[in-house]
Amino acid sequence: MDDTALIQAVADGDHTALRELFERHASWLAVRLRRNMPPDAVEDVMQETFIAVWKSAGRYSGEGVVGAWIWGIARRQAAMWARSNNRPMPLLELAASVDIESEAVRAVDLATALAAIGPAGDEQRELIRMVYMEDRPLNEVADHLGIPAGTVKSRLFKTRRLLKSALTGGKEEL
Amino acid sequence: MNTAPHPDDPKHIASCLICQANARQEAGELGINLYRVWSGIAADVWSPEVGRLESWSRKLLRSPGLARALVTTPSLFLSWIGASAFVVLIGIIATRSSGTPWAHILAPIVAAAGIAYAYGPAIDPAFELSRSMAISDRMILIVRALAVFGLNTAFGMVASLLASAATGLTLSWLAPMTAVAALALAVASITQSPAIGVTVAIAVWSVVVLISQASTGDAGSAIGAALVPVYLVATICCAAIVLYVTSGRQEKRTTWG
Amino acid sequence: MGVNGNGARRVTIEGLWQRFGKQEALAGIDLDVGRGVFGLLGPNGAGKTTLLRTLATTIEPTEGALRLLGFDPHNPRERRELRRHLGYLPQALGFYPNFTVFEFVEYFALLKEMPVDSVRPAVASAIERVGLGEQATKKLKTLSGGMLRRVGIAQAIVNDPDLLLLDEPTAGLDPEQRVSFRAMLREHGSHAIVIVSTHLIEDVAAACNDVGLLEAGKLVFRGTPAELIDRGGGDDAGDSPLERGYTRVLQEARA
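Going down the list, the protein sequences come from chains A, B and C. Each number in our numbering corresponds to the 1-based position in the first sequence with 7 added. Each number in our numbering corresponds to the 1-based position in the second sequence with 75 added. Each number in our numbering corresponds to the 1-based position in the third sequence with 45 added.
Chain A with its partners taken away, still in its complex shape (with noise of 0.2 Å):
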């Protein structure tokens, strides 16, 4: 079964198919929260991701690659646990915006590039941070800063931009 039944199967309540996935998926997700967190703490989030996976089936859009699906529930479930267990948050790689299959952007140093953006409390900087490191809402993120939803989007997309370009020393192509 490929992954997409396997995600359906799983909304459906069939416990062996999340046991399938886990099967395929546990071990790199693992690895690759590895490099910024420690043993137990990847086991935590795992169980806690897994979890999540199992609950939230149903809303798996079918867009994107399942395994990407599981990534981004992956980062919020490490993000979660750093902010419960008072730990600095993983820097692990951005998700959603940026395109986590390319080569170029892998383990990041985040705090390098923020700093290329610009000094702190700069607001490209804030916003960066509070999106990408800390995983939060956008609506917290706009009461935050004090500006209108709309306007975050919009300052995101131009900010991206620039953020992708730091990441991957100017390598990339837009």
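Calculated from the structure, these hints are not laboratory results. Certain hints may be false.
Covered, in the sense of this in silico footprint (three residues per stretch, anywhere, with C-beta under 8 Å from a C-beta of chain C), are these stretches of chain B [unchecked claim]:
{"id": "1", "stretch": "99-107"}
{"id": "2", "stretch": "119-131"}
{"id": "3", "stretch": "143-157"}
{"id": "4", "stretch": "207-214"}
{"id": "5", "stretch": "257-268"}
The model shown is predicted, which means the values in this text are computed figures rather than measured ones. We treat Cβ as the ideally placed atom computed from N, Cα and C, and that holds for glycine.
Given the coordinates of chain A, work out where chains B and C should sit on it, guided by the hints.
What follows is chains B and C alone, placed relative to chain A:
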């Protein structure tokens, strides 16, 4: 530009067994125990969370094991409770129409059946295994018997209120109900057969009722206050028998091998 | 994990008699077993099941002294603590038809008073170890005999017992399952006391480092599989050296 798929490219790895195996090995080398992770996931996925009744029982009994044993009591399943309620209802109707307290003559039988079928080798296919558990079969029996008894007492009180507006709530029927239920349990424990226990209890109780009817002209006197001491003594004796039989003593049955 | 003082890792039996009415099921057993896999052989009626039932504390000895994992099973409090570290698979287990695999194993995990937060992951783990992951949410009445046997094994190992008692555990398992079962036995034997009663000689040969032979309620042989082999000769009945040793010892005991 490198066009070969990277080993953790989500699209590629979904169908590449080699890359999956490599990833598994790498995860192991990094000290990640994915087997334990799966156990945690499966624990959530394979069974629902504990229900409200059980979770309340856990706090009351201070033992998750006893709580589980309680909510899985055969004679506390809805079908049993429904049947018991039905019998009591019939009794209430009969009482209202005839004046004889039928509800309270039937109540002991219902309680006896419920308790005899709460626990024991005839009910529990895994009885031998149950006898090797830290929570002893005697504890389980006591908890279940009390729960069933409590439920039947509640039925009895409802019957008492509904059956006769004149007398209102009486409790004299509690004594014979306890005695008959204890008798059923004692016989069931000795013979290891709930059916025999219930049969004997019904037989004895029927005799008592008939004798009461014959000697005083009123079957209801079987439930009367005069006999309470007799019932109490009977209950104590039967309870002692049950405790003796369930004390973990050697079974007399022969074994093969 | 919470075992008691001296003899904490041993099973010590002294002068054990089990009489049921006139029948003597066990006639004076002396046995001392430590960590590892101990195989209990013997013909039907020899007393293997009675011995296991006694060790599982489901029946009391008529006579004799027992010290299990350092606990005295006569003492109710010690018996309860012992049972928390016990795993037992009776010969005829029985099952609750409407329970799922998970519910069945969980029920007994709870009755063994495992710490409540560890119960569900331990149950899941035990089910995976016996290879029943796909059947975890299926009702027991839908399972085959071999699967039910594995469910029985799962409940026995769920609390990672220090004393594991298995009565004819491989009945109903196919050869492949028996192989992985023996591997599991060896793995447990590396950190616990495992006592397996079986009439399948190959089980003994493959998994046990220590063997006892019961006949008519008496222990007529105690030693390693190699020593049992040595007892046999070319003219004894049997298809394997171990079987020949087995028949020779039985013959001598009955003489």
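Results for each hint:
| no. | hint | in the structure |
| --- | --- | --- |
| 1 | 99-107 | violated (count 0) |
| 2 | 119-131 | holds (count 3) |
| 3 | 143-157 | holds (count 3) |
| 4 | 207-214 | holds (count 5) |
| 5 | 257-268 | violated (count 0) |
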